[in-house]
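Chemist: Sequence:
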Amino acid sequence: MSIFVTPELLSAYASSQRGNTDVQEFANVTSSIYEVVEGSLFVPVSGPRYDGHQFIEAAVEGGAAAALWRKTEPVPDTIPEHFPLFMTDSPEQVCKDLAAYYLQHHKAKVVLVEGDYTAGVMLRMMTAWMKGRKTAVLNERQLESASDAELILSLDTDTEVVFLHIEENDKRRESLAGLLKPEISLVCTVDAAYTKASNDAGTIVTTLFPPSPSADRNDLPDWLAVYAPLIQTAENSYRRLTGKTHPPASFLRPEVFGFQVMPAMNGGYVLFESEAMEEAELDYSLGWLSHTGNYDRRYLIIDEGFQSDRYHKAVHELFAKHITIAITDVIAVGEKAFWVHDALERAQRDDVISFYYKTHVDAIDKLKEALVGNNLIMYKGANREMIYEILHELNRD
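Mapping to our numbering: the sequence shown position 225 is 1000, numbers consecutive.
Because the hints were derived from the structure by calculation, they are not lab data.
Check before you lean on any hint, since a few could be wrong.
With a straight-line cut-off of 16 Å between C-alpha atoms, the simulated EDC-like cross-links for lysine to aspartate or glutamate are [claimed, not checked]:
#, residue 1, residue 2
1, K1143, E1164
2, K1133, E1079
3, K882, E958
4, K846, D864
5, K882, D933
6, K909, E935
7, K906, E1010
8, K956, D923
9, K884, D933
The structure presented is a predicted model; accordingly, all values stated were derived computationally and were not measured.
Make the full structure from the sequences, and use the hints.
Modeler: As structure tokens, this is what we get:
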């Protein structure tokens, strides 16, 4: 790791300094109090209704190692004398100037990836292939809490490849792409009729179901075969980025895509999320359940719901709206999970069968039924041991 923002560099842009500026580098540069971690450089941004200087105490308590500071702003008495402050006319402008300096001297290759859930599939493949190289991913969540300059300043100087994953914020997409100048721009989609950005110069549009199907890939396992068009695009992009002929085969593991897989009965499989999926990745997990492999039925098991407040039904209703027509059965277990079942019932959808059980004991027979067929099952819950035990019992019988 080679960190770009150092006290020496800040001193060159500051008009004066206060406190002990003999500190470490700043791997994280942020104007958001909620993103401050140990060793951060805090940037107090000012606006008509907000002044970050008022939150310097919270930044210090959160672990900030130093801060930029508008020199006309009084320093609160509560800030220790030794805490480093780099005085300037405009902290925001210093950030922009530093980001411009970074881009001038440390240009990494940039890949812009956007689209529906298949953009997440593409991103996970390519980052897995880049293992051993210094990479960074700038995603939608980071855009909500950081400016373009802050994102750039949090990159190491030895970063080789930056993946820019933007799904919905077109304005930020254009601003960041304008600064980082992607070498490859990929639009990934399920629907071949999707045309967003398809006319942009240098943009590659790749889809699960292209109008002219490509040749079959005999080297792919059944569960990955539907993603062959995306894999081909990813391979071509990998060759452009690295100059190597063939990418590694590490993407052939479900864990690369965020899942753990357990064989069920008669050719079926159970998918467990191997990492905590953020709310923004809801479409990702449901898309994977909808298109992966060739199975008789596709089950979604929601065990106990998603919120600690059992009356908080909005997230469950939102979840229900995202369930695609490819998912044939939903099994909801527990009080909170009821809201998913209830939303599906009220929507009067005839493409999905929804079952609700108050307790795990009540649900056992239905779970066994799902686990003995040629079915793909996604389990979302904290009782994996129950699924393990049911499978163990079925195998024993």
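Chemist: Now look at each hint and say whether the structure bears it out.
Modeler: Do the hints match the structure? See the list:
Restraint check for K1143 and E1164: the C-alpha separation of about 11 Å stays at or below 16 Å, so the hint holds. The suggested pairing of K1133 with E1079 holds, with an alpha-carbon distance near 9 Å, which does not exceed 16 Å. For the hint pairing K882 with E958, the CA-to-CA distance comes to about 11 Å; that is within 16 Å, so the pair holds. Taking the CA atoms of K846 and D864, the gap is near 6 Å; set against the 16 Å cutoff, the hint holds.
Simply put, K882 and D933 have alpha-carbon atoms about 9 Å apart, close enough for the 16 Å limit, and the pair holds. About 5 Å separates the Cα atoms of K909 and E935, which keeps this hinted pair within 16 Å; it holds. Taken as a hint, the K906 and E1010 pair is honoured in the structure, with Cα atoms around 15 Å apart against an allowance of 16 Å. For a cut-off of 16 Å, the pair hint linking K956 to D923 stands: about 13 Å separates their Cα positions.
Distance hint between K884 and D933 is fulfilled; the C-alpha atoms sit about 11 Å from each other, no more than 16 Å.
Checked against the numbered hints above, the structure violates none of them.
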